[in-house]
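Chain by chain, the residues run as shown.
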Amino acid sequence: MKWDFASVFDNTDALLAGAAGTLRIFAICLVCGLSLGLVIGLGRYAHNKWLYWPATAFVEFFRNTPVLVQILWFYFALPILLPFTISPLAAAALGISLNSAAFSAEIYRGGIQSIDRGQWDGARAIGMGWGQAMRRIVLPQAIRRMLPALTNRAIEIFKMSTLASAVAYVELLQQGKLIASLNFNPIEAYTAVAVIFFVFLWPLVQFTYMLERRLGRGE
Amino acid sequence: MTYQWDFTPVVANAPLLAEGLANTLKITGVSLGCGLVLGLAFALMRLSHRRWLSLPAGFVIEVFRTTPPLVQLFWMFFALPLIVGIEMTPFLAAVVTFSIQSGAFFAEVFRAGIQSIERGQWDGARAIGMTHAQAMRRIVLPQAIKRMIPAFLERSIELMKTTTLVATIAYADLLFQANEIAQKTFRPLETFTVVALIYFVVIFAVSILARQLERRLAVSGESTVH
Numbered sequence: 000m001k002w003d004f005a006s007v008f009d010n011t012d013a014l015l016a017g018a019a020g021t022l023r024i025f026a027i028c029l030v031c032g033l034s035l036g037l038v039i040g041l042g043r044y045a046h047n048k049w050l051y052w053p054a055t056a057f058v059e060f061f062r063n064t065p066v067l068v069q070i071l072w073f074y075f076a077l078p079i080l081l082p083f084t085i086s087p088l089a090a091a092a093l094g095i096s097l098n099s100a101a102f103s104a105e106i107y108r109g110g111i112q113s114i115d116r117g118q119w120d121g122a123r124a125i126g127m128g129w130g131q132a133m134r135r136i137v138l139p140q141a142i143r144r145m146l147p148a149l150t151n152r153a154i155e156i157f158k159m160s161t162l163a164s165a166v167a168y169v170e171l172l173q174q175g176k177l178i179a180s181l182n183f184n185p186i187e188a189y190t191a192v193a194v195i196f197f198v199f200l201w202p203l204v205q206f207t208y209m210l211e212r213r214l215g216r217g218e
Numbered sequence: 000m001t002y003q004w005d006f007t008p009v010v011a012n013a014p015l016l017a018e019g020l021a022n023t024l025k026i027t028g029v030s031l032g033c034g035l036v037l038g039l040a041f042a043l044m045r046l047s048h049r050r051w052l053s054l055p056a057g058f059v060i061e062v063f064r065t066t067p068p069l070v071q072l073f074w075m076f077f078a079l080p081l082i083v084g085i086e087m088t089p090f091l092a093a094v095v096t097f098s099i100q101s102g103a104f105f106a107e108v109f110r111a112g113i114q115s116i117e118r119g120q121w122d123g124a125r126a127i128g129m130t131h132a133q134a135m136r137r138i139v140l141p142q143a144i145k146r147m148i149p150a151f152l153e154r155s156i157e158l159m160k161t162t163t164l165v166a167t168i169a170y171a172d173l174l175f176q177a178n179e180i181a182q183k184t185f186r187p188l189e190t191f192t193v194v195a196l197i198y199f200v201v202i203f204a205v206s207i208l209a210r211q212l213e214r215r216l217a218v219s220g221e222s223t224v225h
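Keeping their order, the protein sequence lines are chains A and B. Everything in the first sequence is counted per numbering that gives the first Met the number 0, starting at 0 for the first residue and increasing by one. Everything in the second sequence is counted per numbering that gives the first Met the number 0, starting at 0 for the first residue and increasing by one.
It should be emphasised that the hints constitute simulated quantities derived from the structure, not laboratory data. Hints may contain errors.
Example chain A residues on the side facing chain B (calculated, C-beta under 10 Å, incomplete) [said to hold, decoys possible]:
1. Arg62
2. Val66
3. Leu71
4. Trp72
5. Pro78
6. Lys158
7. Leu162
8. Ser164
9. Leu171
10. Leu172
11. Glu187
12. Val192
13. Val194
14. Phe196
15. Trp201
16. Val204
Beta-carbon label-pair distances, calculated as ranges [as the list claims (entries may be wrong)]:
17. A:Arg123 x B:His131: 52 to 58 Å
18. B:Gly119 x A:Phe197: 38 to 44 Å
19. B:Thr1 x A:Gly215: 54 to 60 Å
20. B:Val218 x A:Ser86: 45 to 51 Å
21. A:Ser6 x B:His131: 48 to 54 Å
22. A:Gly117 x B:Ala21: 53 to 59 Å
23. B:Gln142 x A:Gly109: 25 to 31 Å
24. B:Gln133 x A:Arg143: 40 to 46 Å
25. B:Leu52 x A:Ala19: 38 to 44 Å
26. A:Gln118 x B:Leu46: 36 to 42 Å
Beta carbons are placed, not taken as given, at the ideal position from N, Cα and C, and that holds for glycine.
With these hints in hand, go ahead and build the complete structure from the sequences.
This is how it looks when you write it as structure tokens:
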């Protein structure tokens, strides 16, 4: 067996297009997932049952079903109820964003709950409303504690982006498949894709370890 | 626009779904068993002072934790058989991938659990004449495993969700069967909704069990290590 990466290098353009697709869906899901997660996390923290129960149902449903099932549901099932079709990007981004929102909601809730009662009382004492206390006092402190868990989520989102290939969205793995089937070089093509993912994610993982260690010392 | 929901085609294909669920549980069970054994082996290797044991274990753990599971699965299914010259089935590729992948995650759970046991337990075991291996097997691991149970359950739930990826290499798991039924009956909405609910019911039941167990362990003074 001789390894020959020349056939992969000949297709650098295809891989670059794939990397752009991966980064695009990653950015969309990161922003949508983490911001929706904050809204739902606040809902999970609320005393009002009209906010609490829908938020809880959302979190439980999306945490306890596989992302790939959600993506296929959005791609094949949802368009039947809608007057328009859903692109592979939209289906995959919806599935991954909602799943990440459910997981990050629990991170936000845990982070907010970990903040000492006294911080709330102090903020109230100097005349802040609930929203102001949350925004100016509680969230800034909570975010610091949540940072390692949130970067972990970002890493998961990056890995989940490969699932978009199941609905033929052009990302790295999809391009790897294409190159492998055109050049009959699955060994080199899939190894190259794995290495590219590793190179992207390794620094992020190390950064998370560092955050965890620092936080462990600081608190 | 009102859509007429019709679940009869899905109900008519219930045996296919049951078979798919059985296959999903089979892959989950086999990968979980192999993953736990591999995870313990990886953890012990990584904690070893011998570099020729700790370095390869660290490498495997890092690679399988930092690359997407779907890429690993494709590599095992399409590339590995050409390198080692064996016949690869979707089932085998899935079991190999998910065993090593969950092994890599379990290794970190084992390692954290073993490291959480106080030094005094080791010293005590040594003082009454136990070797390192005996102390690990009889004193440290039994205590560590109790602390690791919640993290194991969480990982097992993740594993079950990850098994849906085998549908992309045409193994007849629950998701693959759903795709088949949707194409055959032209009822993707009903089929995928039912299958999403089946996954939810099974995984949610395991989650609730895990949470109850976690609460009981917390009461008995052994909190979650993670």
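Report task. Can you let me know if the beta-carbon spacing of glycine 117 (chain A) and alanine 21 (chain B) is within 53 to 59 Å? Result -> Roughly 54 Å apart at Cβ, these two residues keep to the hinted range, so it holds.
Query raised in the report: Taking 10 Å as the limit, does the beta-carbon of leucine 172 (chain A) come near enough to a beta-carbon in chain B?
Result: Constraint on leucine 172 (chain A) satisfied, holds at 6 Å.
Report task. Indicate whether the distance between the beta carbons of threonine 1 (chain B) and glycine 215 (chain A) respects the range 54 to 60 Å. Result -> Taking Cβ atoms as reference, threonine 1 (chain B) and glycine 215 (chain A) lie about 56 Å apart, which means the hint holds.
Query raised in the report: Is the distance from the Cβ of glutamine 142 (chain B) to the Cβ of glycine 109 (chain A) consistent with 25 to 31 Å?
Result: 27 Å, holds
Query - Satisfaction of the valine 194 (chain A) interface hint, Cβ to chain B closer than 10 Å - result: Valine 194 (chain A) check passes; min Cβ-Cβ to chain B is 9 Å, inside 10 Å.
Requested in this report: Using the Cβ atoms, figure out if glycine 119 (chain B) sits within 38 to 44 Å of phenylalanine 197 (chain A).
Outcome: Given about 40 Å between the Cβ atoms, the range holds.
Query raised in the report: Do the numbers back the hint for valine 192 (chain A), that is, is its least Cβ distance to chain B under 10 Å?
Result: 6 Å, holds
Report task. Report holds or violated for the interface hint on leucine 162 (chain A), using the least CB-CB distance to chain B and a cut-off of 10 Å. Result -> 6 Å, holds
Query raised in the report: Is 48 to 54 Å right for how far apart the beta carbons of serine 6 (chain A) and histidine 131 (chain B) are?
Result: 50 Å, holds
Query raised in the report: Is the hint on phenylalanine 196 (chain A) kept, meaning its closest Cβ partner in chain B is under 10 Å away?
Result: 5 Å, holds
Report task. With chain B as the partner, please determine if glutamate 187 (chain A) meets the hint condition of a C-beta pair closer than 10 Å. Result -> Holds, about 8 Å.
Query raised in the report: Does the CB of tryptophan 201 (chain A) sit less than 10 Å away from some CB of chain B?
Result: 6 Å, holds
The structure is consistent with each of the numbered hints, conforming to all of them.
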